[in-house]
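K.L.:
Given the structure of chain W, go ahead and fit chain L onto it with the hints provided.
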Amino acid sequence: MRILIFNWHEGYIHLLAKTGYQFDIAEVYKGSRFGWIKEFRPVPPGCRLITEDEALKCLVDGEYDKVICQNVDDLLLTYQYNTPIIQLFHTKYSLMTSLLPEDVKIKFREDLTRVLSSIKDITLVFISSSKRTEWGFGGEVILPGIDMSEYNGYQGGIARALIAKNGLTPHSIKNIENVLGGVPCTLLGDCPAAPEAHLPASWDEYKSYLQSHRVYLSMLDDQYDDGYNLSMLEAMATGMPVVSVANATSPLIDGVNGYISQDVTYLRKRLNELMRDQSLAESLGKKARETVIEKFPLETFITNWKRVIGSSKGVTTSSSCTGRMQTVFEKNLSALREVNPQLAESILKHNNETSLKIVDTKTVMPSLKVDNISLHSLYDPIKEARSWFLHYEKDIQEAESISVLGFGLGYHVVELCKNTGKEITVFEPRLDILKTAMGSICLTSILKKIKIVTDENPSISPLGKGGIKGGKKAAILHHKPSVSISREYFEHLITRLKSLERINKGLKILVVSPLFGGSLPIAMYCSSTLKKMGHNVELIDNSRFADALFYAKNITEDKLRYKTLIDYLTAFLSEAVMARCETFRPDLVFALAQAPLTIECLERLRQRSIPTAYWFVEDFRVMDYWKNIAGHYDYFFTIQRGAFFDELKKAGKSNFHYLPLAASSDVHNKVEMTDEEKHYYGSDISFVGAGYYNRRHLFKGLLDYDFKIWGTDWDMNSSLARCLQRSGERIVTEEIVKIFNASRISINLHSSTYHKGINPFGDFVNPRTFEIAGCGAFQLVDRRSEFADLFEEGKEIVVFEDLEDLRKKINHYLNSPEEREMLAENARQKVLKKHTYKHRMTEMLNLLTVSGFQPQAQSVEGEVVEALIGEAGADSELSKYLSRFSDRERITLYDIVKDIETNEGDLSRSETLLLVMNEFTK
Amino acid sequence: MAVKEIIIINLTRLGDLLQTTPLMAGFKEANPGGKITLVINSSFAEICKGIPFIDDLITFDMRGFRERLVQKKYNLVENFRFLDGLIDTINCKEYDLAMNLTHSPISALITSLVSAKEIRGNTVDGEGHRMIRHHWLRYFFNVIPNRDYNPFHLVDMYLKAGDVMPKKKGLIFEVQDEDGERAEVLLKDRGVKNDGLLFGIHLGASKSDKTWPVSAFAALANMITREFDAKIVLFGSPSETDLGREFETLAERKPVNFIGGTNIGELSALVKRCVLFVSNDTGPLHLATAVGTKVIDIFTANVHFMETGPYGEGHYVVQADIPCVPCAFDVKCNNMVCKDVINPEIIFEVVKESLGRKSLLATAGSPIWNNLQVYRTYFEDDGLLGFYPVVKKPLRKEMLYCILYREVWNTIPGRSNEEQDKTDYKICDALSSLYTLENLSELSLSLYKEINALEELISLAYKGAETAGLLEKEARKDDLNIEKLKAMSDSLESIDDQIKTIGHANPCLRPLIIVFAFSKEALEGDDLLKLTEDTHRIYRDLITRAGCLSTLMKKIMLFFDSITNHVEAYENEKNTEIHSVLPEKEGFHASGNDIAPVMSACPKSFPE
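Just so you know, the sequences run in chain order W and L.
Taking our numbering, I'd label the letters of the first sequence as residues 1 to 922.
Taking our numbering, I'd label the letters of the second sequence as residues 1 to 608.
A portion of the hints provided could be inaccurate.
Dumping the calculated DSS-like pairs for lysine-lysine here, alpha-carbon to alpha-carbon at most 30 Å [what the hints assert, rightly or not]: (1) L:K117 x W:K505; (2) L:K93 x W:K505; (3) W:K898 x L:K73; (4) L:K169 x L:K49; (5) W:K508 x W:K627; (6) W:K922 x L:K72; (7) L:K484 x L:K463; (8) L:K520 x W:K898; (9) W:K880 x L:K210; (10) L:K72 x W:K498; (11) W:K880 x L:K484; (12) L:K35 x L:K210; (13) W:K838 x W:K738; (14) W:K880 x L:K73; (15) W:K922 x L:K332; (16) W:K922 x L:K207; (17) W:K295 x W:K18; (18) L:K73 x W:K508; (19) W:K107 x W:K422; (20) L:K520 x W:K880; (21) W:K295 x W:K107; (22) W:K369 x W:K120; (23) W:K498 x L:K520; (24) W:K898 x L:K72; (25) W:K508 x L:K72; (26) L:K210 x W:K922; (27) L:K73 x W:K922; (28) W:K473 x L:K72; (29) W:K738 x W:K808; (30) W:K418 x W:K480; (31) W:K678 x W:K795.
For the record, the hints were derived by calculation from the structure and aren't laboratory data.
Keep in mind the model is a prediction, meaning the values are calculated, not measured.
Looking at chain W on its own, in the form it has when it is part of the complex:
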């Protein structure tokens, strides 16, 4: 096999020759020197040096089997001769184009894409994955490999630093001097800017430099270079320590196999240290050598190159789409799989039997027609994508997150990713389009940067994280042809995105708690979580009235009378909510199960267009009051689905959603305890909770263990009484967390009022499950059908089926502390990742938008600043004053007065008059 290569990089060609292939090396000018520089490397055996003319002649005659191009010049010189090309990318795109003006850069890229796609047989090879990502083309990544037998024998006797680099600029020399801070240094290379620089006389001399000098200095800039080059790896292979400026892709670990930092002072200190301490240099160098062995093995390099050179590549002409589709599709799919395996799987399985048609354009890049609508320009799709981007440029700049409606073949998304690092979500309901795009265009550079959403009712987390109040601005960018072919989907989506944008700016939410009971703490958790998410939350804390309710029980024994009393109390508390709504004017009233809101109150809220949501954190089979209230709330959330959803549908309800319980990341945590506390709260097995019927039965079977029961409603006369702690008094959350933390095994048995142990049909998962997990504690929990979607059985959670199984598992896990710890930690991680109240509240708000929730405009207060400035007249004192608010969209008189109050200096006439106006609003 005859292969043509140009002599750009002696070191690399020397390595390539280790594949056993023989190369014709065409000599060219590089910098100030012509031809092969023997001082760097001898000409590899079996290779011959030829002139460029000879090379071209052989090309014309079709004598070569392959051409390895190492830059664009090589490519342009050779691509028209029908010889298969391997295009090798040594350099980053950013370095290559760093000096080009923006328009030339674009032109360069377009031309290169065009050339590359016009070549019938071409394989792209990149020397690092970062370079491949940056270029945005598909292709092989072959890392350099070092022949460890060639580099060895480090002594480091000369207390000097060493740099090997050609063509250093005065600027980089200055940087080097800065790092050196006076440490003596030898500079090897062809550098006209540095008079002291010289080339070694031979490769052997070069190697002896590596052996004798104390340390190698690497100045590779993150922006333009990988964190290593051949010289550096050779130095490391010799056993020489490296001191390097920070670079994300460097193989160096600071203090382990060298020193790396962005702090120049630090590097200077380390250099000086190494100058003083030869043995330190030796030990670091030893590690450096090991790093090269591990990360840059020669064998892999050779194997990969042999495969690339030897493989008779599939023909990839644009006329034969299948061939290219296969390759590109696979690459795209594997990139997608890394970030969204589900979608990758769906795309893979999707059967494209639709009216999609790939069509040629005037450029080499294809377009796509769907039902005769072209999704991209038939003239120049890349250029079109550029104008699309420019159209939205301002929105993109101002946005904090970006939603793109429609994927098409992705040209516009590629353009977008190239120009912004912001969070991008692309919505495309049609899998067939995505599949076609994945098969037509190399998208590997963008698939990891974007989030693709395809669902019919996409569960979009509110744009941005946490939805910080104020300033969260989402740009919604339409890919118009895509929107027009899936109009209904996108219309619904746009409404939702707008609602979400409003939600992210912060809603006014009135949370209504019950008077007491299990949903009371949940109300507190929801309220504080929503607050943390940036919403303006007010909590109606009805627990303050619990005493009134309990007292009412003592007032009368007549049930009817008692009910009347409770009805009055409920009416009173409902009226309080109405009163609060009048002043607070919430966007949403969010009530927890058992919240004392009358139907009349709910109807009045509805009349006032205040949306209401209810989280029914109850078992619908036990508590059937949902039948009366579900229809009166605008949104109804449940912890059960299946049978409950059937019942709700049967009752003619809609707008209900499944929202499982969760843990509070603030409360349910690992805690430090004293030995005394550990002893007090700890036991082999424990249970915290009320003495429900099924628990009273099942727990008798555990009496022979070190078993502590904490909580209320237990029978003091039963045999369980001896396990009961603190005579069955109520345990506060803070202590519960300690009990979970201190117990070796926390038993979690879902309550039942009629089973003698486990409810074989239990579905929902109780809060305790999440709370124990959140505490990083180990639990054994009875089986629930909803576990499947929440925890991974066996990895995160252990389930028991009956008493016998429970005892078996207690015995096992008491003796396997490590297994317990691992399971508990896995469960805790799962909670933190998926099951906190923040996840639930985010999901709740998201589900609201699915059901058409649109925050009312009423919360938008104030007047538009720009309009006011305009009206005040350009030169007026008032407009000058108002212009200080031009960074805001709206202002109220109140905002202005607050501003005046914080200003220093004398009041202006305008300010005084604005203060007068404010007095009138009091």
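P.N.:
The following block gives chain L in isolation, referenced to the frame of chain W:
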């Protein structure tokens, strides 16, 4: 300074506007050719027709502006322009003096924008802090917490702030001829004869707390109509219609009910036709006073006759004489004993006295006066309004201090001994004529303690003046020693704290200290020298006033001693009944602090 242009800002109500008329009259007298611009709330514009001194009237539609802001029909810029236009209208000329007589922040902010050479009253400084300029207006606005000891009527405080004293006394309102004619028609329509005797009654007030019960008014009306061949005429605003209806159900004779049925002009003419006007403390009462109709003013709740009683001679005010009267401004009383103790029978007695049918003095000593006092108004020698207690009662400390403070605040430094003697005599004279001076020992003891406190206060004031003097000297130096200045001002701060403590411990002395403290707070500007000079002056003023009060108190003590001795002597001799505690011999001589008290027998300077 010649005051050619004055602007008066008064955004208050009817009664307050009428009470500004003496100030306007005084200004016109003192500044021939001078022009008055009046800025008022447009809701009360009508009243200005009868006020003769207004050259330019600027009305501010405050209710309309509030509605504009609430209804949000206009944007911020449009609302701004509305106010901007008002200020432009005000500032279409340059004023020599601007006086803001309104307490509100709105008026203060507006006043700060008026282009005037001098501003008096409520305003804001450059940085927006509220300021009250002029010591008399500072006195006025800060006197509220110490109203027990305030001896001045609102109108007189205005006059002092304006530095004028009109020859013609009383409020001024000119009834227009057409309104007089219209009133006759209205009366005729209701079947009232031309010469029919009319008693006017106003049942309402700006706040319901301030109203005497309708049933009481009705009972009074019944007594009047039984005794006199007269008609009762009811006045009031449309919102008081219900009160009128209630009255009608209780009255034996149907009244002529004009409630909600007159404009200000008609009201003035109708009120003028009345022989007597009985009312709570309201705007129409001041209108009646202004048109020359005698009034009986019933004070309840937080209003105080001394501040807002009828400003004119020969009117009567009735107020409960119980310790909690008047209420503070920021409280809501829920046991208004002050209304209960004023019963219709008593008011009817006052009605008879005011019409010359009977002298209340005849009933002195009767238990009906136990919790009540009736005052008749008169103008004192100093030209200011005074209240003469119609029924002689024991002297209470508050009353004594009121009399003393009137002297203190009126004191002109450098008064001759002779003049001072005259004043001292007058005070003693007044005390013995207006009050029964019995059981003085307790009062004497209290005065004794307060004199001691006052001495302490004076010595602190001297210390303050001395330090302020040093501060002033230091400030005159070219090379300022900041540390020294700071140390001195810290030392002043500590002196001030001690002064304030004395004020807290001795409420009767508090007015001195309040005026002192507010004067210091009112210091403004960046000119260090001017600030130190002013500071120095404030301490000197405190010394003068406290000294004046101290001298007066000492004399009063001696006077009390003399009375006590006299009584004891009398008791020892077991002589016959005493009509007066005063010896018949005339003369009251003082030489230095050694006073030889000789008392006069009866009041000379008070009207019959």
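K.L.:
A separate judgement is required for each hint: does it hold in the structure or not?
P.N.:
Each hint tested on the structure:
1. For the hint linking K117 (chain L) to K505 (chain W), the alpha-carbon distance of about 51 Å lies beyond 30 Å, and the restraint is violated.
2. Between K93 (chain L) and K505 (chain W) the CA atoms are separated by roughly 50 Å; this puts the pair beyond 30 Å, and the hint is violated.
3. Between K898 (chain W) and K73 (chain L) the alpha-carbon distance is near 23 Å, which keeps this suggested pair within the 30 Å criterion.
4. Pair hint K169 (chain L) plus K49 (chain L) holds up; C-alpha atoms about 20 Å apart against a cutoff of 30 Å.
5. Simply put, K508 (chain W) and K627 (chain W) have alpha-carbon atoms about 28 Å apart, close enough for the 30 Å limit, and the pair holds.
6. Distance hint between K922 (chain W) and K72 (chain L) is fulfilled; the C-alpha atoms sit about 15 Å from each other, no more than 30 Å.
7. This hinted pair checks out: K484 (chain L) and K463 (chain L) have alpha carbons roughly 17 Å apart, not beyond 30 Å.
8. Note on K520 (chain L) and K898 (chain W): the hinted pairing holds, with a Cα-Cα distance of about 28 Å set against a maximum of 30 Å.
9. Taking the CA atoms of K880 (chain W) and K210 (chain L), the gap is near 49 Å; set against the 30 Å cutoff, the hint is violated.
10. Between K72 (chain L) and K498 (chain W), the direct Cα distance comes to roughly 27 Å. Compliance with the 30 Å bound is thereby established for this hinted pair.
11. Between K880 (chain W) and K484 (chain L), the direct Cα distance comes to roughly 44 Å. Violation of the 30 Å bound is thereby established for this hinted pair.
12. With a CA separation close to 37 Å, the supplied pair K35 (chain L) and K210 (chain L) exceeds the 30 Å bound.
13. Annotation: proposed proximity of K838 (chain W) to K738 (chain W) holds, straight-line Cα distance about 23 Å (limit 30 Å).
14. Proximity of K880 (chain W) to K73 (chain L) is assessed by CA-CA distance (about 24 Å); at most 30 Å being required, the pair is judged to hold.
15. Between K922 (chain W) and K332 (chain L) the alpha-carbon distance is near 21 Å, which keeps this suggested pair within the 30 Å criterion.
16. For the given pair, K922 (chain W) sits about 20 Å from K207 (chain L) by alpha-carbon distance, which is consistent with the 30 Å threshold.
17. Our distance criterion of 30 Å between C-alpha atoms is met by K295 (chain W) and K18 (chain W), whose separation comes to about 18 Å.
18. Proximity of K73 (chain L) to K508 (chain W) is assessed by CA-CA distance (about 26 Å); at most 30 Å being required, the pair is judged to hold.
19. Straight-line distance between C-alpha atoms of K107 (chain W) and K422 (chain W) comes to about 25 Å, which keeps the hinted pair within the 30 Å bound.
20. Restraint check for K520 (chain L) and K880 (chain W): the C-alpha separation of about 37 Å exceeds 30 Å, so the hint is violated.
21. Restraint check for K295 (chain W) and K107 (chain W): the C-alpha separation of about 37 Å exceeds 30 Å, so the hint is violated.
22. Note on K369 (chain W) and K120 (chain W): the hinted pairing holds, with a Cα-Cα distance of about 25 Å set against a maximum of 30 Å.
23. As the CA atoms of K498 (chain W) and K520 (chain L) are separated by approximately 59 Å, the hinted pair breaks the 30 Å bound.
24. This hinted pair checks out: K898 (chain W) and K72 (chain L) have alpha carbons roughly 20 Å apart, not beyond 30 Å.
25. As the CA atoms of K508 (chain W) and K72 (chain L) are separated by approximately 22 Å, the hinted pair is consistent with the 30 Å bound.
26. For the hint pairing K210 (chain L) with K922 (chain W), the CA-to-CA distance comes to about 24 Å; that is within 30 Å, so the pair holds.
27. For the hint linking K73 (chain L) to K922 (chain W), the alpha-carbon distance of about 18 Å falls within 30 Å, and the restraint holds.
28. With a CA separation close to 28 Å, the supplied pair K473 (chain W) and K72 (chain L) stays within the 30 Å bound.
29. The suggested pairing of K738 (chain W) with K808 (chain W) holds, with an alpha-carbon distance near 26 Å, which does not exceed 30 Å.
30. At most 30 Å may separate the alpha-carbon atoms for a hinted pair to count; K418 (chain W) and K480 (chain W) meet this at roughly 20 Å.
31. At roughly 26 Å between alpha-carbon atoms, K678 (chain W) and K795 (chain W) fall within 30 Å of each other, so this suggested pair holds.
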